[in-house]
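Chemist: So you can see what is in the structure, the chains are spelled out below.
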Amino acid sequence: MKKHLKYTLVGWLCLAAAACENQESMNIDPNAASSVPSNMVMNAAEKWTVDNIYDVWFSGRQCLVYTQQWSQRSYTEEDRYQIRETINNRYFKHLYMALNNFQRVINLNTDKTTKSANSAYGANCNQIAAAMIMKV
Amino acid sequence: MDESWGPKYDGRQVLAWYDLAKWEANGKVGNPTTSAWSAPKHDYEDFFETGVSYTNNVAISKVYDNSAFRISYTNMSLGGYLPNSSLYKNVFNVSGNIMSPDKKLNVFTSVNFYNNRAKGRQDTGYGDNNIMAKFTQWGQRQLDVEELKDMYRYPEGTQATWNRNSADDPTPAYHNNMYWSRYMNYQNDTRNRIYGNVGASYQILPQLKAQYKVNLDFFVDKQYERNAVGSQEQSRYKEISRQQYEINHELMLMYKQDFSDFSLSANAGMNIMKNNFEYVYGETQGGLAIPEFYNLANSMMQAAAYNHRREKSINSLFADITVGWKNMLYLEGTVRGDKSSTLPKGNNTYVYPSITASWLFSELFRGKAGWLSFGKLRVGFAQVGNDTDPYQLYNTYTQYTNIDPTTPGYRLPDTMQNPNLKPERTSSWEIGLEMNFLNNRLGFDFTYYSTNTKDEILPLSVSGATGYFYKYVNSGEIGNKGIEIGVHATPIKARSFEWSTHLTLAHNKNKVKSLAEGVDYYRIASAPFQVEIGAKVGEEYGVIMGTNYVYDENGNKLVDENGLYIASDGNEVIGHIFPDFTGGWSNAFRFHNFDLNVQLDFSKDGKYHSTTWLYGRYCGMFEETAANNVRETGIISEGYTLEGKPNTQVVSARDYYENIYTGPAAQNLLKSDYIKLREVSIGYTFKLKNEWFVKGLRLSAYGRNLAVWGPDTKHFDPEMIVTGSGNIQGIEGGVTPMVSTYGFTVNLKF
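Protein sequences, first through last, are from chains A and B. With positions in the first sequence counted from 1, the corresponding number in the numbering used here is that position plus 25. With positions in the second sequence counted from 1, the corresponding number in the numbering used here is that position plus 487.
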């Protein structure tokens, strides 16, 4: 009887030990980078801004239509000034997102822990200045 | 042209796509033929084939003194009802156990292996190759499916379609030939899954048993998708591989003892769960170089590869205890604590209890009141905690397009992560009464429940000014209340004839009490054109948001100066997706060796938005757009003008039905009510002598989904929309029709 209890106890302990494998490190996303050099963020932020201004919606289906350089054939809402609410919200969201990325470049060059590492891609102050210009 | 607003079928000669295609295929000799403008000989229903499925099963089992063993094998083959579709399944199962001579130690196992092979699964939604969208949304009604089948390819291999770019350009404008979609742009997949367990138990004392068990569930999925060169969309090949395993180690101590009037059973245990998922896929870029060669290397540009990995673990401790008194009063309590890898430290452990009391009051009347055969009253409270998916705590970057090849771009993601997430909590109360009378000939079961879910983890949309679209948060509170009633009776029970009947009814109401601070709406899903499904504070969970009709103060719909319905400015709640009432009624009859079962199901007070109902009328595809001569005489929108007078303006059918898209989205809302003849089965059991080799023989036939009554329009079976794959509840878009199945079964017992 005592022997069996002992075996059972050993079994429990083995399992408990296996379970103590670090659960926290398991939750670090292997699919996306958690730290990125500032030049890569700057790069994407610029491309993102331009992509979302010279795109089919903001530029093609709205601005070019309003300035009467283009007109639409099959879906003519914008020509008739019937702005689609979700699309219109999206323009602002995309631009705000761009601002957030430029701000991140500034933060990466201001924060004490990341400042010196990121100076490898250009003087901190120059990077900040460039990002601020883009923000405006 | 992909609409169906042509002239009346008057038999005039026209140059149809089939005439042109035949002429082109024959080298453009002479002039193309013409054909009569008339209703097709083979309409869309001829596209569907009769699917036939066969299932075979063999099982052998044997029990020895100290061991038992069972093997079974099932195979199934199914020819689909869509052209070029099939499904094959093989299922193996082995299980058994061995005990020590004193029967204290028992080692057991069970292993199942599934092998699946499918071809030509239906594309759903607004996809390029969802043939249903071509039959019911954008299309033309004079098309003959035999002609489409005959000429979906030119002799040189390119596509021939009804929707060509122009008379001298046979390439597809918007739509593939449906047969091209089925035979050239099909996908196929395979799945191999193995699951089972190995374990051992030991009877330490007569009352105490210890058990250890490990469960494994493992599958590998492969999926191959093709879009042929010459399709309307860019040609493409995609190969996907998914792999998952989940392993559970469970250790348990089980105790059971009776003391005079009391009985006691208690369990305590622990469980370690680990889940690992991997997903890899490759896709050609810029189209395929060589037609009909499906390999990632056949990509115009460098093929793209993606991978995704997900890991999660939960460690748990749990215990439960049940105390019984005189087989009449029972009290059960459970407690469980989980520690999840997906929640932040400090918030990652959650403990939840439950308690249930039940009273079998019929024991009091045992032998005294013969009419009461069973009576039980139960009251319960339970709490459940829940974690979330991995990787929602720490912010990461998303890769973005490079500007120059040496500097990859990274941007912040769309969804802001949240390192302060808490576990989700659901608390529920339940009270139930179950009574049977007259030797169980009549009985009912009644349950009332109320559940409350708090802190559900959702990616709520946030103001764009935060720089993100969404943020993971512990959202507010959703309440859910309902009753369930079951009644059963056996009105006739004689030696040669028996009739029993069973009715179940369920009513459920839920309410979104709060979301997050400053947020009163959460979008769950959106339809491609008009509406969204969401959760709105103060409303039932699952509201349909879309533009509504505009009403005057007397509740009349308002019509504009052109005689068309006016749409509200913004989205409003126009319906709820979940039915208030659902139920079923089954009847079983037995007459000598014959038996008959009939089952009806019903659902009431749910709604859905249908993109097919929208475009089917917009494009003139549905009967409504021509019935009652509306194309000749026009339609009057029922309602009032802005001046307050009844509308009398006649508009053309086409203008009226085009306003279905431009006007209020509420026009495309349908009720999901139905009554359905779910199943009818009939069987005959042969009484065979025990000494014969075949000991039992039963022949039976069944039919499922035989009839539907009561839907808003005959074009859809609402149940298909509620449960159809590829469609979120409440949104319909090109669903495949529901099929009726008929089957015949032979059962032999040896």
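Rather than coming from a laboratory, the hints here were simulated on the basis of the structure. Just so you know, even glycine gets a beta-carbon here, dropped at the ideal spot from N, CA and C. Mixed in with the good hints there might be a few duds.
[Unchecked claim] If you want a taste of the chain A side facing chain B, the calculated C-beta under 8 Å gives, among others:
id : residue
1  : Asn52
2  : Ala57
3  : Ser59
4  : Asn68
5  : Ala70
6  : Lys72
7  : Val81
8  : Phe83
9  : Ser84
10 : Tyr121
11 : Met122
12 : Met157
13 : Val161
Chemist: Let me know if the C-beta of Phe83 (chain A) comes in closer than 8 Å to any C-beta of chain B, holds or violated.
Modeler: At about 14 Å, which exceeds the 8 Å cut-off, the nearest Cβ of chain B leaves the hint on Phe83 (chain A) violated.
Chemist: A closest beta-carbon separation below 8 Å is what the hint needs, so does Val81 (chain A) meet it against chain B?
Modeler: Given a least distance of 16 Å, the restraint on Val81 (chain A) is violated.
Chemist: So, as I understand it, the hint says Met157 (chain A) touches chain B; can you test that by seeing if any CB pair is closer than 8 Å?
Modeler: Violated, about 16 Å.
Chemist: Should the hint that Val161 (chain A) touches chain B count as held when the rule is a Cβ pair under 8 Å?
Modeler: 16 Å, violated
Chemist: Using 8 Å as the Cβ threshold, decide whether Asn68 (chain A) counts as touching chain B.
Modeler: Hint holds; Asn68 (chain A) Cβ to chain B Cβ min 5 Å, cut 8 Å.
Chemist: Given Asn52 (chain A) was flagged as interface, is its beta-carbon under 8 Å from a beta-carbon of chain B?
Modeler: Hint on Asn52 (chain A): holds, closest Cβ of chain B at ~5 Å, below 8 Å.
Chemist: Tell me if the interface restraint on Ser59 (chain A) is satisfied: Cβ within less than 8 Å of some Cβ in chain B.
Modeler: 5 Å, holds
Chemist: Verify the interface restraint on Lys72 (chain A): the C-beta must sit less than 8 Å from at least one C-beta of chain B.
Modeler: 5 Å, holds
Chemist: Per the CB criterion, is Ala57 (chain A) less than 8 Å away from chain B?
Modeler: 4 Å, holds
Chemist: May I ask you to test the interface hint for Ala70 (chain A) with respect to chain B, counting a Cβ-Cβ separation under 8 Å as satisfied?
Modeler: This interface hint holds because 6 Å falls under the 8 Å limit.
Chemist: Against chain B, is Met122 (chain A) within 8 Å by beta-carbon distance?
Modeler: Hint holds; Met122 (chain A) Cβ to chain B Cβ min 6 Å, cut 8 Å.
Chemist: Quick check on Ser84 (chain A) please, does its C-beta sit within 8 Å of some C-beta on chain B?
Modeler: Interface hint status for Ser84 (chain A): violated (17 Å vs cutoff 8 Å).
Of the numbered hints listed earlier, those contradicted by the structure are 7, 8, 9, 12, 13.
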